[in-house]
Amino acid sequence: MTRTTRRRARLAAAALVAVSIALTGCSAASASSDADGGSLTYLDAEIPTSAQVQEAGTWQTRALQQNITDRLLYRNAETGELEPWIADSWTVSPDGLTYTFVIRDGVTYSDGTAVDATSVAKNLNWQSTGDEAKGTTPNAQFPPGLVATPDDATSTVTVVLAAPYAPFLNVLTGWGSGLVADATIDASKEEQSKFVNLIGSGPFVVASETYGKEIVLDRREGYAWAPPSSPNQGEAHLASVTVIPVQEDSVRLGTLKSGEADVIRYVQPSEEQGLVDAGYDIVSKTGVGLSNQWFLRSQAPFLDDVDVRKALLHAIDREQIIETQYTDSWTPATSVLSPGTFGYVDESAKFAYDPDAANRLLDGAGWTERDADGYRTKGGERLTVKTYIDVYDNTAKSLFQQIQNQFKDVGIELSLNELDYSTYWATAFADPEVGALRVGWPHPDPSKGLSEYYSKDGSDLLGLAGSDTTLQSLLDAQNAATDDDTRAAILGQIQDHLIDQAYVVPILNDSQVFVTQHRVKGFSLTDGALPEFYNTSIED
Amino acid sequence: MSNQHPNASAADTRRRQYREYVIRRVAQALLVIALVYTLVFFTLFVLPGDPIENKLTSPLNPLPPSAGEALRAYYHFDLSPIEQFTLTVGRLLHGDLGYSLVSGRAVSDLVAQGFSDTIVLAGVAFVMTIVLSLAIALTAVYAPVRAIRSIAASAPIASISAPSFLIGFVLLAIFSFQLGWVSSVRDQGFVSYVLPALTLALAVNGPLTQVLIQGLRKAADEPFVTVLRAKGTSEVRIALVHVLKNGAIPSITMLALVVGELLAGAVVVEAVFTRTGLGFITFESVRDQDTPVILAVVILISSIYVGINLVTDLVYPVLDPRIVRPGHGRSRRSRLARPAVATAAATGTAVPGGIPTKASVDA
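Going line by line, the protein sequences match chains A and B. Residues 79 to 618, numbered by our numbering, are exactly what the first sequence covers, in order. Residues 781 to 1143, numbered by our numbering, are exactly what the second sequence covers, in order.
To be clear, the hints were calculated from the coordinates, so they are not data collected in a lab. Since this is a predicted model, take the numbers as computed values, not measurements.
Chain A regions said to be covered by chain B (calculated; three or more residues, Cβ under 8 Å):
no.	segment
1	119–130
2	270–277
3	321–332
Note that CB positions come from ideal geometry on N, CA and C, so glycine has one too.
Could you build all of it, start to finish, from the sequences and the hints given here?
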């Protein structure tokens, strides 16, 4: 290569860089001005992992499932009522064993196959049994022994259960109950893990996917089967949604502020007010289900005494926690369920912040001595409760530390321990010394959620193994209570009992916080606090 | 040419020795990789928790015990550690790396995606590192103003102590958030590599620059510079050709280290710049204890490290054949021989390229 051509090559390279930088500038400016709603860039805080239907559970995966698939029933986030969706109507037999769904006509999956009775029945059976040969587990929300039979002539699906299961209709509204095409069900587990292979009938279709980097959702052409209460009954307004996971909080926020992103999930609470002042919109919601709570294990040291447990309930100043660490997007928990959840009862009067009451209870329980550090002792032992800091919540560390300080005020030591992400479940939940751990997230059905946590047949987080027969029989009675009033009454009793026995310390209502550019309109969150792009548009 | 025969046989011996040396070193390298793999495999068994166990114990989605057993059986987690090791190694020998326990994606796809991205990033960063190091070192030794020289000389310390995530954020804040020249989150091809590569280069060049500065200073004081000056060679030519050639040799051995640093640094830099290279794959798999992915990353990274060391080891005897000779008895002699070489090098004449050869030493 002669010197001149080399110089020319260098000039060409420089020009190329300059041009590409210029193009970048242009595309960033024009990205959201497509006709008809435009294209939206959404930054999630985590990496969507597996699209496999029965396994998906993370926030970032649910958000995608929510927009890609439709469900049989829709729960209106405003009213909490169940509405028709892919099922035009449904009936439940008086014994709670037979459900009949009439399937809406004319609905198709994005691969063109029909969402008919046969397909719906196949989905329900698959959800209930999984596919052992493929290593696919059953959907934990579905009742085992379910048999769904299609009748395409009448477009009905008849579901027969082995035992009554009152949470069933609520479960069918959940993100994990999205209907998928045969192509998805018949694929191998590994193929199902890819979002491009998640073939639903929802308002968006996965156009492309690069693992960890980007998932592009395109508007589903011809979509015309939104729930009847939806303001939009046609195709989505947005032509496309680009989902980019950005795990660094400051980069996500910086990208929003630079105008390159339209919606981001999660900002640190301390940033919220500044964003509101700068003209951004905060969209937040507490999903229906369980509140953010600490369960107390009565086999752990010192927690066998109900008065000690009750003292913990009264020792936490939730208002102070919200004031110092959180924002208006967050609220103190008022029960083991979050407000707006079916059967929710406000229990907050029973665990109001009352250090005097906490001190009285602890004195009465014999914890009258104090050691050099100011902690209560009895028989030479310090009153210590061991916990591990929740690894799934960015604000957990400062939250736990504040509770540690509040406990210290009444003479209780909260021993904080840290684990990394991969060892948290296996270590923290198996540690017999652990007195309290944080749980509590949105759930499509409160009965199922409470049973999963606290029944001897679920995770048995309280470690009671059914020894509290009142609690166990209440939890068991829920499934048969297909009558709403009866079930609401039982849920009320369960909430009473969990608080009266101080098995659970409600902390705050778990919120999902999103920030949007002011130009983003109609962005809303579902009953489960998931982002819904169907009604969203971008205005100039 | 009467002594052609003894010379040829000496060359044969040398060639044979080199061949044995190569075989020995390659075998050692393979052994290291196998040992690292085995060690990591069994360490992962000792550590508590894995994605499947987490799935089963998580109160979010508790599975009935029967489903748990089926899931464990599907992933062969019901086998003993030794059986699993045999199975995994057997598959590995057939080129099957398995599937991620978290994302369900083929490990070969994940690693290929990560590697193809990081190799470009590391390549660009490598070039930037060399350019940066040369620029800083030449400034530190030859800048006309003393203040500039000392600032440049302290640059390596700043590089070593500045955390790369901080450098990354500052670059992002200026070029992406303020100027909007390049996207902070989208991949725009080659342009997107510039900032992360620069971040890596800024973070990694410290040790290399330091050695280069010392090498240049030392070379600049050698008598051959005086000789060259007396011959009327221009200062620029002395600096850029003669001093650089002689002074840069020690830092060449640092280059292998730089490659390692670039790969390690990629973990942080890729997180800041939202890139999905090998650093990202490594971070995610370790965070989730995603065994198949971790093992694949371990093989790849250990192969790269061992490979670079191997190349260094194999190239070095070509530069200095004394290394090949087995036995320790010779080492003393070669150490004794060195001053002679240094003198020869100092005159800037006898030794081609400034590197002692066996022939020149024996002479």
